[in-house]
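Participant: Residues per chain are reported as follows:
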Amino acid sequence: MTAILEMRGVSKSFAGVQALRDVNFTVEAGEIHALVGENGAGKSTLMKVLSGVYPYGDYEGSIIFDGEERRFRDVNDSEALGIIIIHQELALIPLMSIAENIFLSHPPSRLGVIDRDTVYRRTQELLAQVGLTEMPDTLVTDLGVGKQQLVEIAKALSKRVRLLILDEPTASLNENDSAALLDRLLAFRAQGIASILISHKLSEVARVADRITVLRDGRTVDSIDCRAEPVEEDRIIRSMVNRDLAHRFPQRTATLGEPVFAVQDWTVHHPQHPERRVIKAVDFEVRCGEVVGIAGLMGAGRTEFAMSLFGRAWGDRISGRVWLDGREVNLSSVSAAIDAGLAYVTEDRKQLGLILDSDVRKNITLASLGRVSRQGRIDDMSELRVASEYRSRMRIRCSDVYQETGQLSGGNQQKVVLSKWLMTDPKVLILDEPTRGIDVGAKYEIYCIINELAEAGKGVVMISSEMPELLGVCDRICVMNDGAFVGEFAAAEATQERIMRAIMRNKEIDKKVLQGELRS
Amino acid sequence: MTDKTVALPGHTGFIKNNLRNYGMLLSLFAIMLFFQVMTDGTLLQPLNLTNLVLQNSYIVIMALGMLLIIVTGHIDLSVGSVAGFVGAVAAVLMVRYHVAYPLAFLACLLVGALIGAAQGYWVAYFKIPSFIVTLAGMLVFKGLALAILAGQSVGPFPPTFQKLSSGFIPELFPGAGTLYPTSLLIGAVLAVALVYTSAKSRARQASHGIEVEPFAFFVAKSAVLFAVIVFFAGLIASHRGLPNVLVIMTALIALYAFVTTRTVVGRHIYAIGGNARAASLSGIKTERLTFLTFVNMGVLAALAGLVFAARLNTATPKAGAGFELDVIAACFIGGASAYGGVGKVGGAVIGAMIMGVMNNGMSILGIGIDYQQVIKGLVLLGAVCLDVYNQRR
Chain W
1 MTAILEMRGV SKSFAGVQAL RDVNFTVEAG EIHALVGENG AGKSTLMKVL SGVYPYGDYE
61 GSIIFDGEER RFRDVNDSEA LGIIIIHQEL ALIPLMSIAE NIFLSHPPSR LGVIDRDTVY
121 RRTQELLAQV GLTEMPDTLV TDLGVGKQQL VEIAKALSKR VRLLILDEPT ASLNENDSAA
181 LLDRLLAFRA QGIASILISH KLSEVARVAD RITVLRDGRT VDSIDCRAEP VEEDRIIRSM
241 VNRDLAHRFP QRTATLGEPV FAVQDWTVHH PQHPERRVIK AVDFEVRCGE VVGIAGLMGA
301 GRTEFAMSLF GRAWGDRISG RVWLDGREVN LSSVSAAIDA GLAYVTEDRK QLGLILDSDV
361 RKNITLASLG RVSRQGRIDD MSELRVASEY RSRMRIRCSD VYQETGQLSG GNQQKVVLSK
421 WLMTDPKVLI LDEPTRGIDV GAKYEIYCII NELAEAGKGV VMISSEMPEL LGVCDRICVM
481 NDGAFVGEFA AAEATQERIM RAIMRNKEID KKVLQGELRS
Chain C
1 MTDKTVALPG HTGFIKNNLR NYGMLLSLFA IMLFFQVMTD GTLLQPLNLT NLVLQNSYIV
61 IMALGMLLII VTGHIDLSVG SVAGFVGAVA AVLMVRYHVA YPLAFLACLL VGALIGAAQG
121 YWVAYFKIPS FIVTLAGMLV FKGLALAILA GQSVGPFPPT FQKLSSGFIP ELFPGAGTLY
181 PTSLLIGAVL AVALVYTSAK SRARQASHGI EVEPFAFFVA KSAVLFAVIV FFAGLIASHR
241 GLPNVLVIMT ALIALYAFVT TRTVVGRHIY AIGGNARAAS LSGIKTERLT FLTFVNMGVL
301 AALAGLVFAA RLNTATPKAG AGFELDVIAA CFIGGASAYG GVGKVGGAVI GAMIMGVMNN
361 GMSILGIGID YQQVIKGLVL LGAVCLDVYN QRR
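Note that the protein sequences, when read in sequence, are chains W and C. So the first sequence is numbered by UniProt numbering: it starts at 1 and just counts up by one. So the second sequence is numbered by UniProt numbering: it starts at 1 and just counts up by one.
Worth flagging that the hints you see were computed from the coordinates, not collected in a lab. Among these hints, one or two may not hold up.
[Unchecked claim] Among chain C residues calculated to face chain W with C-beta under 8 Å, some are:
#, residue
1, Arg262
2, Thr263
3, Val265
4, Arg267
5, Arg277
6, Ala278
7, Ser280
8, Ser282
9, Lys285
10, Arg288
11, Leu289
12, Leu292
13, Gly341
14, Val342
Keep in mind that this is a model prediction, so the values were computed, not measured. Using N, Cα and C, we set each Cβ at its ideal position, and we do this for glycine too.
Same shape as in the complex, but just chain W (with noise of 0.2 Å):
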């Protein structure tokens, strides 16, 4: 096989901090290379620096393409080539129609007119490639995540893509939509296009990869070829983490207590849509000391769940009685339930969790500020101490808690949101897809931390689409789907077999649209 790309000797560092050095890092024609490796091991950098995010000149190393040295000045340049970034947050025009955005750059035109069946004769052609039968007058705002992502690629097909570079594609989607896109790339696979997947779904990455490089610290630290034979997880986590992860779940003795958090006939409705009920009188139970996860599928109303009880952040019409330590109390604001001892760490930490151009201290003191003030006065020396607390305890890898929080990894800015929440001490802890995008090292930190905190006699629910991490952490395991639970397993009596047909049998009239979404 031929290199269609290889990277010789790049290195690159910001302000001191060396983020590649030395990285050799080649692709062959026509294959699926997956790149691996913790948060912050130098993936996006490496990937930045292939597709002329920096320039050439602001790197170390060559990069030769098809055999020829380039030098990138920008985006552009590297796109000409056919080498083309997918991100993980997509760049898509939500209000534009799926072949605008298509052809958002260079659409087909006649003297500056745009050639509107053109337009549209070549979406539709792009659209069978990738698999969907949307319209291509569809707007992007009424697809999903899954369908939208097909769309990027549909956009990056329409440039002749040579090189394909997918950053954590399947991050936020489900199971069938996940396994849908890993199809496409094996299509393109065999049309000759070659991939890079960069993802921390391991499984995903045995499935596919031909050829697997793992970066840690910024260096290339393994390179498995696995088209001699199939290659195993934990080889993969061996060599990111560099140390045996006998245990991917750190074990955990549970010792319930009292109920500590209840909740009994919760009602929520559809903000937009008053009469739709979304949450359909649900009666839910915590212990002390237990970690209970929540199952379902997207859209099963899991987080409209967690948010409708964490002071009517969602949904409109609540009804419902929650009891919190025995206590009835009334969540409606957000400041009244972390006062009553509710936290809630969002899905989408960068959304709603986080203020990015803020540093690690504000952020972490940010929901508690009254524990490091007096009268409305912040002591800023007790909260540089507090904040400093929680940076050697949670392990946040960052210069110091000064730093901006948009500049940390996912896995430490989930830490900086999971410090906010510990801080208001609470009693009962909502985590909603709390490894969403972050490393294996850093979630097996987080289980570390959810284990410390039922052990400590607080009540944890976690909301997972990741079944094995439900499996591995929780001690009893919910069910949800359309707005009710449909069943409930203790962790020993749980498997992902029985928890999937726990919620397939509940899809009965669901059940078209599901196969549908499987087709595609």
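With chain W fixed as given, assemble chain C onto it according to the hints.
Facilitator: Here is chain C on its own, set in the frame of chain W:
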């Protein structure tokens, strides 16, 4: 997994970092020096300096409120009209109905608060863009000022009210010749207090093991700060002493600097501008706080309107026209971000002073109002471009 050790920046790095912080201040000094030379020393003559303070006091006062609005990610276009309207209300109350000065003063501030509340309500609770709400307010209050003055100028005000703008603090040691010792003393005390508090905070930080600025740098900084304050106090003292309005202004600047940097409320305001949804999910009452920043703006616009009316000694239907532009420009020149979440009280004050010195200096030089506007516009654009460029580096 070991923590990466990061090389600490040396002294050169420290000075480089701080040059950015003090860049605005240095530009102000450069501009002052430029006009001082160009006007053959007229700019810093005691009389002109006092005038400069009086001319810009209302802009500075409004800039304090505007900064908070801009930090929350909003804008208030109505402040000029509101200031003009409140000036008109003051004239009607005091001149036409002979309401006592203190009562009329409080009534006017209340009117300002109500106007701020009326606008803030739509912005905060109905989520109507502040640009639109305050654009409407701008028209409404400009019209109302015209209406209650019946298109005419109303004045003069009672002498006690005029003192708000044209008065000076009473002299405790009369007969000391041309220099006003009380004012000089206040200036010196202020300078000592500032140096003392910054020394204390430096010692406190050092005792908590925080990296502090090099001692030599600190001494030099303090010496310059001390010298500058005493120098200006001396200039002011050699005319007629401290103007009342300068005392009010200084107190307000200190108060707002404290609120924005050291209090929970201040932190919450910045959080709203930084990420409103994350702030609200952290238990911050974003709507109420946004509402209150508009109430606060209304009160400060009213105060500015009173100061301006007292200075002119008459309320005119045209009063306040275009103030909003100077106030907003002051905040942006001072480094506030149009996207919210970023901005400092000190920056806004320096921004207002830069605008003021340029207005004053160009007038002395006899540059027409036409080109004055062109130059001010270019300075605004240039300052913001420089800021954006600095942040990208």
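Participant: A separate judgement is required for each hint: does it hold in the structure or not?
Facilitator: Now the hints, each set against the structure:
Hint on arginine 262 (chain C) holds. Least Cβ distance to chain W is approximately 6 Å, under the 8 Å limit. For threonine 263 (chain C), the interface hint holds, since its Cβ comes within 8 Å of a Cβ in chain W; the closest pair sits about 5 Å apart. At a threshold of 8 Å, the smallest CB-CB gap from valine 265 (chain C) to chain W is about 6 Å, leaving the interface hint in force. For arginine 267 (chain C), the suggested interface contact is upheld, since its CB lies about 6 Å from the closest CB of chain W, less than 8 Å.
Checking arginine 277 (chain C) against chain W by beta carbon gives a least distance of about 5 Å; that is within 8 Å, so the hint holds. For alanine 278 (chain C), the suggested interface contact is upheld, since its CB lies about 5 Å from the closest CB of chain W, less than 8 Å. Proximity of serine 280 (chain C) to chain W holds as hinted, the smallest CB-CB distance being about 6 Å (cut-off 8 Å). Contact between serine 282 (chain C) and chain W, as hinted, is supported at the beta carbon level, the nearest pair being about 4 Å apart and thus within 8 Å.
Hint on lysine 285 (chain C) holds. Least Cβ distance to chain W is approximately 7 Å, under the 8 Å limit. A cut of 8 Å between beta carbons decides the hint on arginine 288 (chain C): the least distance to chain W is about 10 Å, and the hint is violated. A distance limit of 8 Å between C-beta atoms decides the matter here; for leucine 289 (chain C) the minimum to chain W is near 12 Å, and the interface restraint is violated. This hint is violated: leucine 292 (chain C) has a C-beta 14 Å from the nearest C-beta of chain W, more than the 8 Å allowed.
Proximity of glycine 341 (chain C) to chain W holds as hinted, the smallest CB-CB distance being about 6 Å (cut-off 8 Å). For the restraint placing valine 342 (chain C) at the interface with chain W, the shortest Cβ-Cβ distance is roughly 7 Å, inside the 8 Å limit, so the hint holds.
Consistency with the previously given hints fails for numbers 10, 11 and 12, ordered from lowest to highest.
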